[in-house]
Structures are given as C-alpha cells and as structure tokens.
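**Student:** The primary structure of each chain is shown beneath.
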Amino acid sequence: AQSVTQLDSHVSVSEGTPVLLRCNYSSSYSPSLFWYVQHPNKGLQLLLKYTSAATLVKGINGFEAEFKKSETSFHLTKPSAHMSDAAEYFCVVSVYNFNKFYFGSGTKLNVKP
Amino acid sequence: GAVVSQHPSWVICKSGTSVKIECRSLDFQATTMFWYRQFPKQSLMLMATSNEGSKATYEQGVEKDKFLINHASLTLSTLTVTSAHPEDSSFYICSAPINSGRGETQYFGPGTRLLVL
Numbered sequence: 001a002q003s004v005t006q007l008d009s010h011v012s013v014s015e016g017t018p019v020l021l022r023c024n025y026s027s028s029y030s031p032s033l034f035w036y037v038q039h040p041n042k043g044l045q046l047l048l049k050y051t052s053a054a055t056l057v058k059g060i061n062g063f064e065a066e067f068k069k070s071e072t073s074f075h076l077t078k079p080s081a082h083m084s085d086a087a088e089y090f091c092v093v094s095v096y097n098f099n100k101f102y103f104g105s106g107t108k109l110n111v112k113p
Numbered sequence: 001g002a003v004v005s006q007h008p009s010w011v012i013c014k015s016g017t018s019v020k021i022e023c024r025s026l027d028f029q030a031t032t033m034f035w036y037r038q039f040p041k042q043s044l045m046l047m048a049t050s051n052e053g054s055k056a057t058y059e060q061g062v063e064k065d066k067f068l069i070n071h072a073s074l075t076l077s078t079l080t081v082t083s084a085h086p087e088d089s090s091f092y093i094c095s096a097p098i099n100s101g102r103g104e105t106q107y108f109g110p111g112t113r114l115l116v117l
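These protein sequence lines map, in sequence, to chains A and B. The opening position of the first sequence corresponds to residue 1 in this note's numbering, with each subsequent residue numbered one higher. The opening position of the second sequence corresponds to residue 1 in this note's numbering, with each subsequent residue numbered one higher.
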C-alpha cells in the first residue's frame, strides 16, 4: 500500500529565510515521488519529481527535494522564501507503471514580509 | 509543458439537477485520465480512473451511478454528477498522465468548483 504523511499542516516563514516542508512516505514498491503546489483558485503545478534517478532533485522556482530511502522521506526545501511562494504544497507518491497518485494532506506555506 | 483544461471552471446548480464537467488534454493524448475531489481545506481524493474506450474504475466508496464518467476520445473525459445534492458541492479536478519512460507524471486541470444549492 502507498501513503504519504505531510508532517506540518501549516508552516510560516519570513521572506528571505529557508523553507522546509516535510514529507514521509510509505510504499510497497519503489516509489515515484512528487511535489505539487496549488495557489488559491489555480490548478496544481508540478514543482519537481523523483523517479529513481538522482536522489537530490531540483525543481522550479528554486525548490529542491532529497529522496532518503533509509528515512522514507522526501522533504522539500528552498534556501530563501519569496512572497510568491505562499501557497499549499502537496507531496504525492506513485508507483512506477501504476498511474494512481496518493496525495498527502497538504502543507499551507505562509510567507511573512 | 503539457496542458489539461477543464470546463466549466465553476458551476452553480439546483439540487436534483445533473452537471457535466469536461476534461481535455490539449497537446497530448491520454488513454487514461483521473478524477479527484477536493473538499475545502482537505487534500485531493481520487474518485475514479477514466479509461478511453472502456468503463471507468471507481475508488471504494464512490458511487458509479452518481458520478458517470465517459472517456469518448483520447483527449476528452467527462464527469457527470447526476441528481446533485448540496453535499456534492466540491472542487473537482482531473488529471492526465504522461509517461516519460521513468514513470508517470500527472498533469492537472485547473479544477471545476461545483456549488449545489
């Protein structure tokens, strides 16, 4: 079975400070892992994905995530938050050749001026 | 990048009526599409898998007679909410996958907000 746990429902940071959004997964198979961002009243946008290549994955807008199999984690980071990063972030697990996506509960990122 | 569109973006209807939502892959073909539902302040929950040329497969707890899915072509899937009730009010999102050879990536539509009065 596949599942995702996002450890924080809300994260608040000041502009210019680092961002850490935590995600742990459970999968019976080698997983593919994704981070999506959802801005208010907009569709989901893919930030980055891990599909068994390099464990450190770089995405758009300066985000990156590291796949750690020993910790079953895929935390999302960014060195310096920008006001435009305020949104909801979803960690997603899927299994190769299985189309189904399993979403975490989401983390709402607030960026303070 | 790949684009998935949905129509309408929002709809208000009376209780008991049916509502059709379209999902289109604009620049690629999709033999499979997925329908999700997102209630306020909650995550996306997979409702069903839409299969071109065959029946949709529904997740446990989703009524197939209430949420009719038709995948008429390689670029279009429709979700019809039949006899809608206020509890069906939600944000409905579709997605379509592209297989890059190292697994699937889902491209999501912008969503359809349904309000049933």
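Please keep in mind that the hints were generated in silico from the structure rather than gathered at the bench. Some clues are possibly wrong.
[To be verified] A short list of chain A residues far from chain B (calculated; beta carbon distances all over 10 Å):
id : residue
1  : Ser-26
2  : Ser-94
3  : Ser-105
[What the hints assert, rightly or not] One-sided excerpt, in silico: chain B residues whose CB lies under 10 Å from chain A:
id : residue
4  : Phe-28
5  : Gln-29
6  : Lys-41
7  : Gln-42
8  : Ser-43
9  : Leu-44
10 : Met-45
11 : Thr-49
12 : Gly-53
13 : Thr-78
Nothing here was measured: the structure is a model prediction, and the numbers come from that model. For every residue, glycine included, the Cβ atom is placed at its ideal position computed from N, Cα and C.
**Student:** So, for every hint listed, does it hold in this structure?
**Tutor:** Tested hints:
no.	hint	in the structure
1	Ser-26	holds (16 Å)
2	Ser-94	violated (6 Å)
3	Ser-105	violated (5 Å)
4	Phe-28	violated (15 Å)
5	Gln-29	violated (15 Å)
6	Lys-41	holds (8 Å)
7	Gln-42	holds (7 Å)
8	Ser-43	holds (5 Å)
9	Leu-44	holds (5 Å)
10	Met-45	holds (8 Å)
11	Thr-49	holds (7 Å)
12	Gly-53	violated (16 Å)
13	Thr-78	violated (18 Å)
Checked against the numbered hints given earlier, the structure breaks hints 2, 3, 4, 5, 12 and 13 and satisfies all the rest.
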